[in-house]
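K.L.:
Given chain A's structure and the hints, the job is docking chain B onto it.
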Amino acid sequence: MPDLLAARSQMAMSLAFHIIFAVVGIGMPVLMVVAEARWLHTGEGVYLDLAKRWATGSAILFAVGAVSGTVLSFELGLLWPGFMAFAGPLVGMPFSLEGFAFFTEAIFLGVYLHGWDRVRPRAHMAAGVLVAVSGAMSAVFVVIANAWMNTPRGFTLVDGHPTRIDPIAAMMTPAALPQTLHMVLAAYAATGFAVAGVHAFLILRGRDNVFHRRALGIALLVAAPAAILQPFSGDLSARYVAQWQPVKLAAMEGQFRSQRGAPLRVGGWPDRDARTTRHAIEIPHGLSLLAFHDPNAEVRGLDAFPEDQWPPLRPVHVAFQVMVAIGSFLALVSLAAVWLTLRRRDIASRRWMLAAIALGGPMGFLAVEAGWTVTEVGRQPWIIYGVTRTADAVTPMPGLVVPFLGFTLLYLLLSVIVVWLLARQFGQSPESSDAAPPAVSLATEMP
Amino acid sequence: MIGTPLLPLILAGLMLVALIGYVVLAGADFGGGVWDLLASGPRRDAQRALIAEAIAPVWEANHVWLVVVVVILFSSFPRVYSEIATMLHVPLSLMLAGIVLRGSAFVFRAYGGDQRASRLRWGRLFAISSVVTPVLLGVSVGAIASGELASPAAIASGGGGAPRGGSFAALFIFPWLRLFPLGVGLLALATFAMLAAVYLTLETDDAVLREDFRRRALMAGAAHAVVAALVLIIARSEAPAMWLRFWSRPASLAVLAAGVLAGAGVLGALVTRRWVWARFAAAAEAALIVFGWALAQYPEMLPGRLTIAAAAAPDATLRLILGVLAAGTVVLLPSLLYLFRVFKGERQQGARPDVAH
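Going line by line, the protein sequences match chains A and B.
Throughout the first sequence, residue numbering follows this note's numbering, covering 1 to 447 in sequence.
Throughout the second sequence, residue numbering follows this note's numbering, covering 448 to 804 in sequence.
No wet-lab data here; the hints were simulated from the structure.
Treat the hints with care, as some may be off.
[What the hints assert, rightly or not] Simulated coverage check for chain B against chain A, where a stretch passes if three residues somewhere in it have a Cβ under 8 Å from a Cβ of chain A: (1) 495-505; (2) 513-521; (3) 546-554.
Here a beta-carbon is modelled for each residue, glycine too, at the ideal position from N, C-alpha and C.
The shape of chain A in the complex, shown without the other chains (with noise of 0.2 Å):
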């Protein structure tokens, strides 16, 4: 394995393993706060049981996460010194924002997770809105670092050094509010939706009763909100891409030719040899209104970039797909929770919408492994958009397989593991779900 394979490999390795947590401690806390909101105001002993249960999920969760993370800060001067010795001061500023939200974050949670006992209810429920504010401040200035390296901003090129360095403007960098907003609401959508789809799965399985219908509704509330409104945060995404990052819009649609009224490509497979991409179904002029609004503006493709310049086609055109099927999927099952809802009818009496949230489950964190292959696949082969190359940025240091190998190996095992605590932790049912179980609805559940 070539150098530089390797050392994408594991970047690519160790952000996929870290996202899965940093999505659920932004997440995951809104939803315990939610539940200890409901049981401070009805004292029915389920909803403690769930915020306890939902604390302890965050517990593991958060411990792995911040471990990841921790490697990942390592891992960027590990496998990439030229791009840290280049961004740097640039990237400084919101790399220490979001190391002091982490900080709150981890001295909260400290405080929610042992602290039932110690502190009294009120400031025992502060402690988790605080850990959910910071959680979400954390992913905005982590996401911010990143945009930065889609449109890097606040510094002028001599000789290859970057002088007249403004972090500020670096900040105010065009992706940056775009992919911010793209990513908290996916992470509320994606950790809602996976809680609900394992309750949904349960009561399924005939394991109806309160525990599980409470969880159903909390975890929808938080989802279906998101999931409406990530498909027009998804809007705007693509216009900055068009407007920032033209080469990598024509990637992900598949557009080989610039033209003038371009069609929106539904699936397909982008064939490089052939200058086409086949077997999709062209929504004529969809992708030109899409982009700019204008179903006759002019979308550039990629004969207007010189080909050593266009990302990896296929996993960026066949991951945006799967990134926008799935987030319409989500959509649409969040407008039917509403609908339900207005109607007053009962979510977990139709066995048709618990499967769909069911299948929901895994499929949002897969949007986000999706939407982030997006990103950065579709950003090479720079590491700096534009301005630095992946290939210079690299350690010099020879045999990376040997590092790659070992933490995948490492991030496999905890994966396992992880997986098979949080089954442990939600299989079983509490006491306190003997009582009979209520309807679910979103409006039940508002805090």
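P.N.:
Here is chain B on its own, set in the frame of chain A:
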């Protein structure tokens, strides 16, 4: 507005403060793992339970100090970060694996169910990685301090022109697999073990259990003193530039004197069972060691290669990072105090020095 020569120094100083925070707080969490491994006698399980209970609410927050160090390093001294990450790839990667295993095993043990066999297995993994990780951290610091790290440019030159030859081992293994870095690794381990044992005397109301950790603290304190003296002695031949600078400066002699005093204070407080005094003396001792190292290197950040001033990022960055650190501290400090008050505050009355068996 703060002038140019002072700014890098302030950032370096703050990085040092964060590193001391990591050593004094997270160091004790690693040390807890050492005593988990060495738990023995009829109260073996009680010792392990006490360690777990003491670490659980705080270890993640304590761990973040390392992230703060790394973030200040790569934003404010990017060349130092990229050179260290390149030349110490091997020990740092191993250290990271240790950090991952330690944290994961700790939560897996806490939430993995009550079967004794599985708890013991996770406990063993937690304990072993708690021993290995500090050694690798110390080894990396020792390798930096010794001034033996080659320039990354030596790799590009293919070895022919490199001063010590360009083989993989010569560039990436031998600079840290030497007596001095290993000595510093051992010093880190002994220091962390001492910190943990001293802190643990304040974590329990059980006088017998407290005596267990008092004995351990005395042993670790003695071991720490011996290792510290040995490291200081081998520095003469193994890190000569640092050695010379250290002995030629009144400031470093003052730090050495203070360190010896703090060490004696730890032992004295333990002998007379003044637990709170022992805690502060042990923390001061660990902080002085880190401070002494920084002083011996000053003004160099990467000895033999880069000074603080030469390695610093542009002023615009330094000013903003300084602002972020100031603002962050305003949020962080009260939060940290709250955390420690909730979990570490109440037993101090129960820890009077008159409780012996």
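K.L.:
Each hint should be assessed against the structure and marked as holding or not.
P.N.:
Going through the hints against the structure:
no.	hint	result
1	495-505	holds (count 3)
2	513-521	holds (count 7)
3	546-554	holds (count 8)
In summary, this structure violates none of the numbered hints.
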